[in-house]
Amino acid sequence: MIKRAHFSALCLFLTLSGCQSASNNQSNSLTDSTVNVNADINGTVLAADSLTLDLAKLKVDGAFASPQTIRVADDPVFHSAKTYRALPLRALLEKYTTLKTLDPAQTQIVFECEDGYSPSMPLSMVLDKKAYLAVSDADAPTGQDWVVAKKNGETKKVAPFYVVYTDVPTTAHDYKWPYNLARISLVSAAKEFAAIYPHDDDTMVRGFGLFQRNCGICHALNGVGGQMGPELNYPKSVTEYWRSTADLKAFVKAPTSYRHNCKMPAVKYLSDNELDEIMWYLQYMAGHKVKG
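Under my numbering, the first residue of the sequence shown carries the number 1, and numbering increases by one thereafter.
Be aware that one or more of the hints could be misleading.
Estimated spans, in silico, between C-beta atoms of each pair [stated by the list, open to error]:
id, residue 1, residue 2, range
1, 66, 265, 34 to 42 Å
2, 56, 262, 28 to 36 Å
3, 101, 171, 29 to 37 Å
With a straight-line cut-off of 30 Å between C-alpha atoms, the simulated DSSO-like cross-links for lysine-lysine are [what the hints assert, rightly or not]:
id, residue 1, residue 2
4, 129, 268
5, 263, 156
6, 95, 57
No lab work stands behind these hints, which were simulated from the structure alone. Every value quoted in this text rests on a predicted model; they were computed, and no experiment measured them. We put the beta carbon where it would ideally sit given N, CA and C, even for glycine.
Please construct the entire structure, taking both the sequences and the accompanying hints into account.
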């Protein structure tokens with residue numbers, strides 16, 4: 001049986017686990033562990049308990065009026081060097097949230113995007129790197145703040161905001177580069193994952209981590225996760241209506257071989273053993289359903 005202390009170490013586990021960014025972007029309704037930003041007319045006075053950045057509101061309030069120019073050597077969305085007008089993400093979090101009162105190792109940073117994509121990562125990872133909130137594309141034609149990106153043959157809207165790094169290589173898949181961004185929230189890892197963490201079976205912890213980092217950015221379990229793809233556990237687990245986990249694994253590896261024009265990207269970066277861990281975790285979660 002897993003001890004509660006193990007769960008409190010969740011963020012450390014997630015920091016050490018491997019992950020992969022998804023090809024598409026996604027937004028998620030956050031739990032009551034977040035509080036809306038309350039800025040005055042100048043965008044500088046916030047509620048003492050603020051844990052969420054409403055980026056559109058901050059822009060209207062003038063918080064992004066003085067960006068700096070930064071260069072990203074290899075942008076994973078545009079697949080080229082890019083120049084942005086941006087602000088240091090850490091400075092924004094320090095100014096507009098209660099970042100200094102939080103334990104980064106026990107806190108997740110959640111990125112809510114307009115299109116339903118909702119990646120998260122340990123806050124400590126963001127603070128350890130040179131992360132920026134890009135507010136416009138300096139390479140865009142005169143009169144435009146942004147250009148669209150081409151990804152997997154589709155046109156993707158990058159505006160209104162995009163999190164980028166100047167010191168993270170594109171091969172570091174555990175770092176998220178969310179575009180089409182609307183909100184950023186800081187949440188307790190224990191609260192964020194309470195409904196999907198395998199409290200009573202520590203053999204499922206690895207599968208949980210793999211799912212959370214690779215699948216949960218687009219799919220929800222028990223209402224926790226992204227909204228771009230379907231919920232995978234409630235009211236029916238995907239393992240209960242799919243023919244077999246072997247067939248489900250094959251679909252994950254090559255979705256378009258099962259469904260014409262399927263929007264889900266092929267998952268080619270996970271090993272068979274890692275996919276097995278995810279399948280076992282999904283089967284475990286079928287017996288732990290909670291209406292999200």
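Verification of the hints:
1. 66 with 265: 34 to 42 Å: Since the Cβ atoms of residue 66 and residue 265 sit about 37 Å apart, the hinted range of 34 to 42 Å holds.
2. 56 with 262: 28 to 36 Å: 32 Å, holds
3. 101 with 171: 29 to 37 Å: 34 Å, holds
4. 129 with 268: Within the cut-off at roughly 27 Å; holds.
5. 263 with 156: 13 Å, holds
6. 95 with 57: 15 Å, holds
Of the hints listed earlier, there is not a single one the structure fails to meet.
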